[in-house]
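Chains as they are written, first to last, in this note's numbering: chain Y, 1 to 146; chain F, 1 to 754.
In case anyone wonders, no lab produced these hints; they're calculated from the structure.
Everything hinted at is true.
What follows is a list of derived Cβ distance ranges for each label pair:
(1) Y:Ile61 x F:Asp25: 58 to 64 Å
(2) Y:Val55 x F:Pro93: 37 to 43 Å
(3) F:Arg416 x Y:Arg145: 30 to 36 Å
(4) Y:Glu42 x F:Val494: 32 to 38 Å
(5) Y:Thr112 x F:Glu17: 57 to 63 Å
(6) F:Asp604 x Y:Leu63: 40 to 46 Å
(7) F:Ala390 x Y:Asn9: 56 to 62 Å
(8) F:Asn559 x Y:Arg145: 46 to 52 Å
(9) Y:Gly32 x F:Ile231: 30 to 36 Å
(10) Y:Val55 x F:Ser160: 51 to 57 Å
(11) F:Gln157 x Y:Asn9: 55 to 61 Å
(12) Y:Lys143 x F:Asp418: 33 to 39 Å
(13) F:Pro31 x Y:Arg145: 37 to 43 Å
Short, incomplete list of chain Y residues facing chain F, as computed with Cβ under 10 Å:
(14) Pro18
(15) Phe96
(16) Cys97
(17) Ile120
(18) Pro135
Non-contacting residues of chain Y with respect to chain F, defined by C-beta distances greater than 10 Å in every case (computed):
(19) Tyr16
(20) Val55
(21) Val109
Ideal Cβ positions, reconstructed from N, Cα and C, are used throughout, including at glycine.
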Amino acid sequence: MSDVLLTVNGQSYSAYAPVGMSLAQLLREELGFTGTKIACNEGHCGACTVQIDGVPVLSCITLAHNVTGEITTIEGLRDHPLIEAFVEADAVQCGFCTPGQVVSAAALVAATPDPTVDQIRHQMAGNICRCGTYPRIEEAIQKWRG
Amino acid sequence: MARLIRTEKEVEGRFEELWLVVEEDPLQQWPAGPQSVVGRPAVRQDAPERARGEARYTADIQLPGMLHTAVLRSPHAHARVKRIDLAPALALPGVRGALGPGEAQGLDEEAGFAGAPVAAVAADTFAQARAALAAIDVEWEQLEVVLDPDDAIARKQFTSDPVEYARGGFEQALAEADVVVEGTYRTAVVLHNSMETHQAVCDWVGDTLNVYISTQYIWGVRDAVAEALGIPGDKVRVVCEFMGGGFGAKNDPGEYTFIAAELAKRTRRPVHCALTRREENTAAGNRNATIQKLTVGARSDGTIVALGGEFTNAVGWSGWSAGTDGPMQMLYACDNVRTIRYGAKINTPPMKAFRAPGFVEGTFGLECLIDELAAKLDMDPLELRRKNYASANDGKPYSSKNLMQCYELAQKHWDRRDEVRARSDDTWKHGVGMASQIWYGGGGPPSYAWTRVTSDGRVSVITAMQDIGTGTRTAMAQIAAEELGVPLDRVEVVLGDSARGPYATLSAGSSTTPSVGPAVRAAAADVKRQIIEIAAQRHDLEERVIDIKDGMVVSADGNLSQPLEELVGLLEDAQILGKGARGPNPTGMSVLTFGVQVVEVAVDVETGEVRVERVAAAHDVGRIINPLGARSQVEGGIIQGIGHTLSEQRLMDMETGRILTTSLDAYRMPTIADVPEIVCEFVDEPDEHLTSLGSKGLGEPPIIPISAAIANAIRDATGADVHELPITREEMLRALREADEKARERQRESIGAR
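Bound-form chain Y, shown alone:
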């Protein structure tokens, strides 16, 4: 059995996925959701973060065949106020980690609309940014509602 049925950003998809294929690879290569980035491909950096039923998940170490919930990728969050907050705070340098940062942050503010600095740092510590935009990310999340 190699076909998977997935719900991504509210739409259903059927795709061929060899057993062992990661969700990240399926999303990027088969479904064209290239906003989800792969930076380490072993669950250490957070660039591939997507939400499954609102919970942030590392899609590069999630098997495509194991997913049962509804997936939200950065493509499903393009109108989220966090995007504007990241832009205004200058929380984007090279931008390769940014979609993963936004997906993680969106899960945080959905559960905790007014997170404390400690809550932001706890939730976001799994998303590495080599450019070092962290102070800006913190500011963006604090100001996400404008």
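Position chain F relative to chain Y; hints supplied.
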């Protein structure tokens, strides 16, 4: 008239002479401080597409029929391929091509480090390509391995000849000094670890090779690939609109590009070759380890009279011996300086430039040494630095230097010392430290830009530069908007394509803004002049009374006030084109950047844990184009530097030369939870001599002083001298024990004296 001149160019401390054609009349420097657009905060023009995941990076490119590549790497630190058989790999399903040693640049028979590329396979999927590597039959002849840099130097195994430097008489000055401090400082190998790994997609269209690549220098890739393939440069088109970080490791094409180009040629398919994260941590370049044996001699009033240093760069199998001796030669006024710098060729992965190569390491050693001198003299470290302020660089005047103003900006942070130290208890000791910074960053010629104003009054800036994440795209738009007198949102920047814009410099050495910025300003001035000529004829006015302000063509008497799009709209589909070039750097002057950082730390003397609590930075890089983006550069440099100082260290097995820290859980980079409070200030004085823009680069300066400032704060908090990076808990506890022993010894001596 075009003037042909001979001028000098600097990149990361390496100088070369070049011929240059100067065309434009020089423009007048804008006044200091914020203008209409330049000097005011601007959000990045491309941030929305990056944040929304719409920006297309090299990693995201999927071309029809594209093949994927895996690279066979040497398991040995030094070996020769005696025999290799690719046929079993080529016979596997999905495999479309394979290359062995000598079949692409970078694939060599002799492997000089564990991880050196020797063969490559292209297949329909990456999994197939990787599986095929196991089928390649290789017989290795193992060769002698040298891993210890001291060993390499003893054998005279250098990457380049040792570099000696001397001024004055070091020996005699040292003998006459009242106080002498000596120290040996060591820095570890650290890795760039850009989030997007090194990669390229190569696609032949007819006789033209399209190269999509994550790079800091599209024009350099174009030239290097053309040369390697023996084809004209204009038959190589290099595209990089978005790239996921470089930090110096992506200045040249790398074997992945040559492999993809050759396999694409052989298979007649587009080929993607990307390093995995583990390859990235092994073979993609590093900031090499250093050993620095340093000496300072001073008079009892704090005047530094002698500086000496023996610097060893453990370069690796390839790379260059960066200027670790530079800070010692340049940062302070000292008549008697003697340095020697060795580049050890060893069987370890290659060095690649990493954000102020050499100066990051050399500043750690020098600025720790200066603080140890201050301690010995019982002198305020800031006062000691002011006292030895340099007023020229090796006899050359500075194009501009405002380090003293940086010290003034830092004073209020330095004055927090008593308050910070008072927070200490039995376990956690608090202290404040500082370090200064000197570095290049003036950029230089050549670089070019074109401007285009269309009949709807919109402006395009076209240049074959790249924005590696520093925000240079937005800075260029600001410069064009300022010169042309239009709102920022009317200007777009077309970049990242060698076939669709004129040459622009590499994004390294903090050079993009100071190199390309003046070309953009000149191109905008050219197009503005043409628009004013058109307005003068249309409205029967003299050119000198016409200006463009905030998108309006206006006359001095106020009678003319016409929207730009209305004036150029007359021309329907015509376009007004301008061009601009970067002029030469001032002759006989030293173009340098300066700064100081003041750091507050807390040290747990029981466990050796170090926390950086606050960093205040004051930098002098000439005019600030975008204060918002500039602050991000400072914060980013400081955070990366905190990683270098406290947690990052590439570990290698000293028996086999194999890299042990190949994943991001083993190689520990800072996370959001590691970030201190960062305060960022600028002198923001245009460099009147450098260019009509007066700006220097800012990508590198902020990472330079942070390590020493942290170490000096640790000394202030605990009395311990840390001499090694990273300052692991082990190193911290060692330094604390050493400080304890020294204190006890002093106590015994004073009892004995009584």
